[in-house]
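From first to last, the protein sequence lines are chains P and B. My numbering puts the first residue of the first sequence at 1, with every later residue one more than the last. My numbering puts the first residue of the second sequence at 1001, with every later residue one more than the last.
Because the hints were derived from the structure by calculation, they are not lab data. Hints are not guaranteed to be accurate.
[As the list claims (entries may be wrong)] With a cut-off of at most 25 Å between alpha-carbon atoms, the simulated SDA-like pairs for lysine to any residue come out as follows: (1) B:LYS1138 - P:GLU198; (2) P:LYS138 - P:PHE82; (3) P:LYS47 - P:PHE116; (4) P:LYS138 - B:ALA1208; (5) B:LYS1138 - P:GLU201; (6) B:LYS1138 - P:ARG200; (7) B:LYS1005 - B:ALA1087; (8) P:LYS138 - B:GLU1192; (9) B:LYS1138 - P:MET206; (10) P:LYS47 - B:PRO1167; (11) P:LYS138 - B:LYS1138; (12) B:LYS1138 - P:GLN145.
[What the hints assert, rightly or not] Listed next, with one range per pair, are the computed distances between beta-carbon atoms: (13) B:ARG1200 - P:THR196: 15 to 23 Å; (14) P:ALA72 - B:GLU1177: 42 to 50 Å; (15) P:ALA87 - B:GLY1135: 55 to 63 Å; (16) P:GLN6 - B:SER1036: 51 to 59 Å; (17) B:GLU1083 - P:ARG209: 33 to 41 Å; (18) B:ALA1068 - P:ALA110: 35 to 43 Å; (19) B:ARG1209 - P:ALA14: 42 to 50 Å.
[What the hints assert, rightly or not] Chain B side only, calculated, beta carbon under 10 Å to chain P, not exhaustive: (20) TYR1113; (21) GLU1142; (22) LEU1161; (23) CYS1189.
The beta-carbon is built from N, C-alpha and C at its ideal position, and this holds for glycine as well.
There are 2 protein chains.
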Amino acid sequence: MTSTKQRILDTSLALFNRQGERNVTTNHIAEALGISPGNLYYHYRNKGMIVSALFDRYQAQLLGSLEAPQEAMNWRVKVYYFESLLASMWQFRFFHRDLSHLLHADPELAQSYRNFVQAVTERGALIFGALRDSGIIKVDDEQLQGLMVNTWIIMSSWASLVHGLRPDAAGDEALDERLMRHGIYQMICLEEPFLTGEAREHLEEMRARYRGAEVTTSLLLGLPEEAAEEKAG
Amino acid sequence: MTSTKQRILDTSLALFNRQGERNVTTNHIAEALGISPGNLYYHYRNKGMIVSALFDRYQAQLLGSLEAPQEAMNWRVKVYYFESLLASMWQFRFFHRDLSHLLHADPELAQSYRNFVQAVTERGALIFGALRDSGIIKVDDEQLQGLMVNTWIIMSSWASLVHGLRPDAAGDEALDERLMRHGIYQMICLEEPFLTGEAREHLEEMRARYRGAEVTTSLLLGLPEEAAEEKAG
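Let the sequences and hints guide you as you build the complete structure.
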């Protein structure tokens, strides 16, 4: 990929995350890059092509981080998975934030997205299976399937949920990232009842790592934030 | 409310659910009702006012069904709550399906929505507290909070998730309703680890009541559907 193409994608991603994809035009992107609209069109004929290219990036990054582990899992490996998930959720947050709009606008992207979800859930099943085989969680097959689907729901809905309740956060990166991190905490709540052994011993550490102070009562619902700011700071 | 206003809302709701709010104009609504656009405008000046009126209905219905129980809970009362939730999710599915678009288009609606979420989570906390007090679930305070937030995430994201993966379902009510029902199954997966006593004895019955055959593998991901159709039929 040429360096200009790369820069167009990087800049578009930053603008989409901060301002929302629908508020950003190709002219805005060209302006932010200091290039002419004609130069931009030479690389990407329209905004939809930029969105698609960013989706490909997102997909490659997330699927890459969901490779099943080669060795037995331990609770530290789980941190790796959570951090990878969080990085993807955070880096491409515009995507899930406005998914229905994006899929509606581009049937081809909608099909790619369905394939992507299928790949994610297949890899997710392998990872949860490895967690079970390694004695980190104790689940039967039905619990494992339910856990995986619920984890995917949180993963894919969290950005949009946060944005619906705190649209102001998009302009405040520190707040936005804190809110996004808490999505991982909610995933930990999901698997918590099934944790065994060493993983259970480290539960409190894991919760503390991702828990956003007052996220559900103050930050998420937009109640007075002083207390939350203090605790999170 | 006059009977014409009532009819406008009923017809708009049916069209929004089937075709998506953004594909339905006030002219479509007037045509479906067999009234003139002028008559429609007399009652609702624009589509946003219809969406707001429908949101008020949705809100009243859902909050009404989330009254905390007067007596001790048992597993049958839980069925009542699940059925009420499902009815609201199904009846107003266009709303959560396209939430980000709707909130973006109307800041006043966005504020109402935030107040609504706050009211839902307050009532949800009371209900989960009652479930705990009645010995149906065994949770500490942190688990209860996590469980409630995750239940809300599934409740509010399920319609959009289903629609993103199976946009074709909007035109097939039987499939669409089956997919929506499975959202309740996913909520049962959430609370399952915490169930005790009588409620645990009835777990299989509850799961069977809401489980959509092959939802996660076939229906949800759009894999070949013959097997799913047979099992679900």
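Tested hints:
With a C-alpha separation of about 23 Å, the suggested pair B:LYS1138 and P:GLU198 falls inside the 25 Å cut-off, and the hint holds. Distance hint between P:LYS138 and P:PHE82 is fulfilled; the C-alpha atoms sit about 19 Å from each other, no more than 25 Å. Distance check on the hinted pair: P:LYS47 and P:PHE116 sit about 21 Å apart at the alpha-carbon level, within 25 Å; holds. Distance check on the hinted pair: P:LYS138 and B:ALA1208 sit about 22 Å apart at the alpha-carbon level, within 25 Å; holds.
A distance of roughly 20 Å separates the Cα atoms of B:LYS1138 and P:GLU201; the hinted pair therefore holds under the 25 Å criterion. At roughly 18 Å between alpha-carbon atoms, B:LYS1138 and P:ARG200 fall within 25 Å of each other, so this suggested pair holds. With a C-alpha separation of about 22 Å, the suggested pair B:LYS1005 and B:ALA1087 falls inside the 25 Å cut-off, and the hint holds. Taken as a hint, the P:LYS138 and B:GLU1192 pair is honoured in the structure, with Cα atoms around 14 Å apart against an allowance of 25 Å.
Restraint check: the Cα-Cα separation between B:LYS1138 and P:MET206 comes to about 22 Å, which is no more than 25 Å; the hinted pair holds. In summary, the hint linking P:LYS47 to B:PRO1167 is supported, as the alpha carbons are separated by about 23 Å, within the 25 Å threshold. Pair hint P:LYS138 plus B:LYS1138 holds up; C-alpha atoms about 18 Å apart against a cutoff of 25 Å. Only pairs whose Cα atoms come within 25 Å are accepted, and B:LYS1138 paired with P:GLN145 is accepted, the gap being roughly 23 Å.
Hint check: B:ARG1200 to P:THR196, Cβ distance near 19 Å, so the stated range 15 to 23 Å holds. Taking 42 to 50 Å as the suggested C-beta distance range, the pair P:ALA72 and B:GLU1177 conforms, at roughly 43 Å. Against the hinted window of 55 to 63 Å, the Cβ-Cβ separation of P:ALA87 and B:GLY1135 comes to about 42 Å, which falls outside the hint. Range check, P:GLN6 to B:SER1036: Cβ separation about 55 Å, and the 51 to 59 Å hint holds.
Taking the beta carbon of each, B:GLU1083 and P:ARG209 are about 38 Å apart, inside 33 to 41 Å as hinted. Look at B:ALA1068 against P:ALA110: about 41 Å separates their beta carbons, and that is inside 35 to 43 Å. For B:ARG1209 and P:ALA14, the hinted distance range of 42 to 50 Å is satisfied, since their beta carbons lie about 47 Å from each other. With its C-beta approaching chain P no nearer than about 7 Å, B:TYR1113 sits inside the 10 Å limit, and its interface hint holds.
Checking B:GLU1142 against chain P by beta carbon gives a least distance of about 8 Å; that is within 10 Å, so the hint holds. The criterion of a C-beta within 10 Å of any C-beta in chain P is met by B:LEU1161, whose closest approach is roughly 6 Å, and the hint holds. Among the interface hints, the one on B:CYS1189 holds; its C-beta lies about 3 Å from the nearest C-beta in chain P, closer than the 10 Å criterion.
When held up to the earlier numbered hints, the structure conflicts with hint 15 and nothing else.
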